[in-house]
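Taken in order, these protein sequences are the chains called A and B. Letter by letter, the first sequence follows residues 1 to 133 in the working numbering. Letter by letter, the second sequence follows residues 1 to 134 in the working numbering.
Check the hints yourself; a few may be wrong.
[As the list claims (entries may be wrong)] Pulled a few chain B residues facing chain A out of the computed Cβ check, cut under 7 Å:
| no. | residue |
| --- | --- |
| 1 | Ser50 |
| 2 | Tyr77 |
| 3 | Thr109 |
[Claimed, not checked] Covered stretches of chain A (chain B as the covering partner; in silico rule of three or more C-beta atoms under 8 Å from a C-beta of chain B):
| no. | stretch |
| --- | --- |
| 4 | 9 to 17 |
| 5 | 81 to 92 |
Simulated from the structure, these hints should not be mistaken for laboratory data. The C-beta atom is built at its ideal place from N, Cα and C for all residues, glycine as well.
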Amino acid sequence: MTDPLARGDKMPETPVGPFDAAAVAAYAAASGDDNPLHLDLALAARVGFAAPPVHGMRLMAEIAPALAAWRPDMALKRLSGTFVEPLLTGEAAILSGRVLRVDGEALVRISIQGPRRGPSLLAEAVLVPKEGA
Amino acid sequence: MRAERSHRPGEIVLGPFEVATGVGEISAFAAAIGAPANPIPATFPIAWLSAPALKAALREAVGPDFLPVHESQSFDYVRPLVPGAALRLTAAARRESAPERLVVEAEATELSGAPALIMRAALRLVPLAGGEGA
Numbered sequence: 001m002t003d004p005l006a007r008g009d010k011m012p013e014t015p016v017g018p019f020d021a022a023a024v025a026a027y028a029a030a031s032g033d034d035n036p037l038h039l040d041l042a043l044a045a046r047v048g049f050a051a052p053p054v055h056g057m058r059l060m061a062e063i064a065p066a067l068a069a070w071r072p073d074m075a076l077k078r079l080s081g082t083f084v085e086p087l088l089t090g091e092a093a094i095l096s097g098r099v100l101r102v103d104g105e106a107l108v109r110i111s112i113q114g115p116r117r118g119p120s121l122l123a124e125a126v127l128v129p130k131e132g133a
Numbered sequence: 001m002r003a004e005r006s007h008r009p010g011e012i013v014l015g016p017f018e019v020a021t022g023v024g025e026i027s028a029f030a031a032a033i034g035a036p037a038n039p040i041p042a043t044f045p046i047a048w049l050s051a052p053a054l055k056a057a058l059r060e061a062v063g064p065d066f067l068p069v070h071e072s073q074s075f076d077y078v079r080p081l082v083p084g085a086a087l088r089l090t091a092a093a094r095r096e097s098a099p100e101r102l103v104v105e106a107e108a109t110e111l112s113g114a115p116a117l118i119m120r121a122a123l124r125l126v127p128l129a130g131g132e133g134a
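Isolated chain A, as found in the complex (with noise of 0.2 Å):
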């Protein structure tokens, strides 16, 4: 895995999840983020979720960890994301990832797709080589 990324290059599909509540809990507890919506049932029930919400942070969380596996001779200068569509609890995800430019810098685009239309988390890597790679 000494080759040089190149545009186009993917990254292995990767499942995420599915994160039961005691998950989701115990990712509230260890963040400090208790934001009841991914905690209260009826509080998801209300905003119009059968069940509450993964963490978004949860789904970006993964992120690091499959790209340091795929290229562990690359090290994260930036990570961005968006959070598109919920993953609630219960619901398994797909990671996926491809390189979009290569100048110096690798860019990759990085999607966690889970059963709805768009993906829960679409998101942005900026991988750079580490030093002595």
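Given chain A's structure and the hints, the job is docking chain B onto it.
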């Protein structure tokens, strides 16, 4: 510990706060995401926005009639994060309307003032009909 000075119109500046970079917090976060604690998980700094003083100020900025929903997030890693590093976080929060949103931009700096990390969170504010008490 809030709204010490006005930065831009409608913007509140919070901090600087010392942030947690202890092995205990990092390990707990890593366990909750099923990832190794070394290197520090890339999204660990999100927990800094939930430090009690900052969280209370952000909750006040959201107000009781809205439910915040995380819309987007970015992290720019200026320097590698190191366990036990002494870092200070300064955050600026501003409300936007149409749609209602709270945008939080935060910078973690070393004690020398050198930037270590910049992050930006956009929270969509969903109106709760009749407010929390309804």
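Count the residues of the stretch 9 to 17 of chain A whose Cβ falls closer than 8 Å to any Cβ of chain B, and tell me whether that reaches three.
It is violated: at least three residues are needed, and the stretch 9 to 17 of chain A offers just 0 whose Cβ sits closer than 8 Å to chain B.
Hint check, B:Ser50 versus chain A [nearest Cβ-Cβ separation less than 7 Å]
Hint holds; B:Ser50 Cβ to chain A Cβ min 3 Å, cut 7 Å.
8 Å C-beta criterion, at least three residues: is the stretch 81 to 92 of chain A covered by chain B:
Our answer is that it holds, as 3 residues pass the Cβ test (under 8 Å) against chain B, meeting three.
A closest beta-carbon separation below 7 Å is what the hint needs, so does B:Tyr77 meet it against chain A?
At 6 Å from the nearest chain A Cβ, B:Tyr77 passes the 7 Å test, so the hint holds.
Can we keep the B:Thr109 interface hint, with Cβ of chain A closer than 7 Å?
Violated - the Cβ of B:Thr109 stays beyond 7 Å from chain A, reaching only about 18 Å at its closest.
Violation of the numbered hints given earlier is confined to hints 3 and 4; the remaining hints are satisfied by the structure.
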